[in-house]
Amino acid sequence: MIQSFACNETELIWNGTRSRKLPADVQQRALTKLAMIDAAETLDDLKLPLSNRLHELGHDRAGQHSVSINMKWRICFVWKDGNAYDVEVTNHYR
152 MIQSFACNET
162 ELIWNGTRSR
172 KLPADVQQRA
182 LTKLAMIDAA
192 ETLDDLKLPL
202 SNRLHELGHD
212 RAGQHSVSIN
222 MKWRICFVWK
232 DGNAYDVEVT
242 NHYR
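Going left to right, the sequence shown walks through residues 152 to 245 as our numbering numbers them.
Bear in mind the hints are in silico, worked out from the structure with no lab data behind them.
Mixed in with the good hints there might be a few duds.
[What the hints assert, rightly or not] So the derived label-pair ranges between C-beta atoms look like this:
id, residue 1, residue 2, range
1, 210, 168, 29 to 39 Å
2, 183, 242, 25 to 35 Å
3, 233, 206, 13 to 23 Å
4, 233, 175, 26 to 36 Å
5, 213, 169, 13 to 23 Å
6, 232, 175, 15 to 25 Å
7, 239, 198, 32 to 42 Å
8, 223, 169, 17 to 27 Å
[As the list claims (entries may be wrong)] Dumping the calculated EDC-like pairs for lysine to aspartate or glutamate here, alpha-carbon to alpha-carbon at most 20 Å:
id, residue 1, residue 2
9, 223, 160
10, 172, 239
11, 231, 176
12, 231, 207
13, 231, 192
14, 172, 237
15, 172, 162
16, 198, 232
17, 223, 207
18, 231, 189
19, 223, 211
20, 223, 176
21, 231, 211
22, 172, 160
23, 231, 196
24, 223, 239
25, 198, 239
No residue lacks a Cβ here, since even glycine has one placed at the ideal position from N, Cα and C.
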C-alpha cells in the first residue's frame, strides 16, 4: 500500500487530478502503475508484468526500487514492511 509521496505531482495523479508538469500519456500509465504498487502485498508482486522492469536502484537512489512507466519515465519508491514510501514519478534521464 502507498503510504507517502515524495512529490506533489505524483500525489496529484494518484488523487485523480491532472498535473501540468507531466505529459498526459505518462500520467495515465503512471496511474495504472501506482495502482499496482498500492495493491502489492510483497515486492515480488511487482515483478509482473515484465514491462514493470522492477529493480533496485543504487548510487544517489540507494535503498529505492523502480518500476518503469516507459523508457524515459519511472516510478521510484522505498519498500518497507509491505508498504511503499516516498513514491514519485521521475524522468529517468534528468
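Comparing the hints with the structure gives:
As the Cβ distance of residue 210 to residue 168 is approximately 32 Å, the hint placing it in 29 to 39 Å holds. Range check, residue 183 to residue 242: Cβ separation about 18 Å, and the 25 to 35 Å hint is violated. In this structure, residue 233 and residue 206 meet the distance hint of 13 to 23 Å, their C-beta atoms being roughly 19 Å apart. In this structure the hint that residue 233 and residue 175 lie 26 to 36 Å apart at CB holds, the actual value being about 32 Å.
Checking the proposed 13 to 23 Å range against residue 213 and residue 169 shows it is violated: the Cβ atoms sit about 32 Å from each other. Under the hint 15 to 25 Å, the C-beta atoms of residue 232 and residue 175, about 34 Å apart, miss the expected range. Against the hinted window of 32 to 42 Å, the Cβ-Cβ separation of residue 239 and residue 198 comes to about 20 Å, which falls outside the hint. A beta carbon spacing of about 19 Å between residue 223 and residue 169 agrees with the range 17 to 27 Å that was offered as a hint.
Distance check on the hinted pair: residue 223 and residue 160 sit about 17 Å apart at the alpha-carbon level, within 20 Å; holds. Between residue 172 and residue 239, the direct Cα distance comes to roughly 13 Å. Compliance with the 20 Å bound is thereby established for this hinted pair. In summary, the hint linking residue 231 to residue 176 is not supported, as the alpha carbons are separated by about 29 Å, beyond the 20 Å threshold. Straight-line distance between C-alpha atoms of residue 231 and residue 207 comes to about 13 Å, which keeps the hinted pair within the 20 Å bound.
Among the hinted pairs, residue 231 with residue 192 is consistent with the structure: their alpha-carbon atoms are about 11 Å apart, no more than 20 Å. This hinted pair checks out: residue 172 and residue 237 have alpha carbons roughly 19 Å apart, not beyond 20 Å. About 13 Å separates the Cα atoms of residue 172 and residue 162, which keeps this hinted pair within 20 Å; it holds. Of the pairs offered as hints, the one joining residue 198 and residue 232 holds, with about 17 Å between alpha carbons and a cut-off of 20 Å not exceeded.
Of the supplied pair hints, the one linking residue 223 and residue 207 holds, its CA atoms being roughly 17 Å apart against a limit of 20 Å. Between residue 231 and residue 189 the alpha-carbon distance is near 13 Å, which keeps this suggested pair within the 20 Å criterion. In summary, the hint linking residue 223 to residue 211 is supported, as the alpha carbons are separated by about 18 Å, within the 20 Å threshold. Of the pairs offered as hints, the one joining residue 223 and residue 176 holds, with about 12 Å between alpha carbons and a cut-off of 20 Å not exceeded.
A threshold of 20 Å between alpha carbons decides the hint, and for residue 231 with residue 211 the separation of about 18 Å falls inside it, so the pair holds. This hinted pair checks out: residue 172 and residue 160 have alpha carbons roughly 7 Å apart, not beyond 20 Å. Under the criterion of a C-alpha separation no larger than 20 Å, the hint pairing residue 231 with residue 196 is consistent with the structure, at around 14 Å. This hinted pair checks out: residue 223 and residue 239 have alpha carbons roughly 14 Å apart, not beyond 20 Å.
At roughly 18 Å between alpha-carbon atoms, residue 198 and residue 239 fall within 20 Å of each other, so this suggested pair holds.
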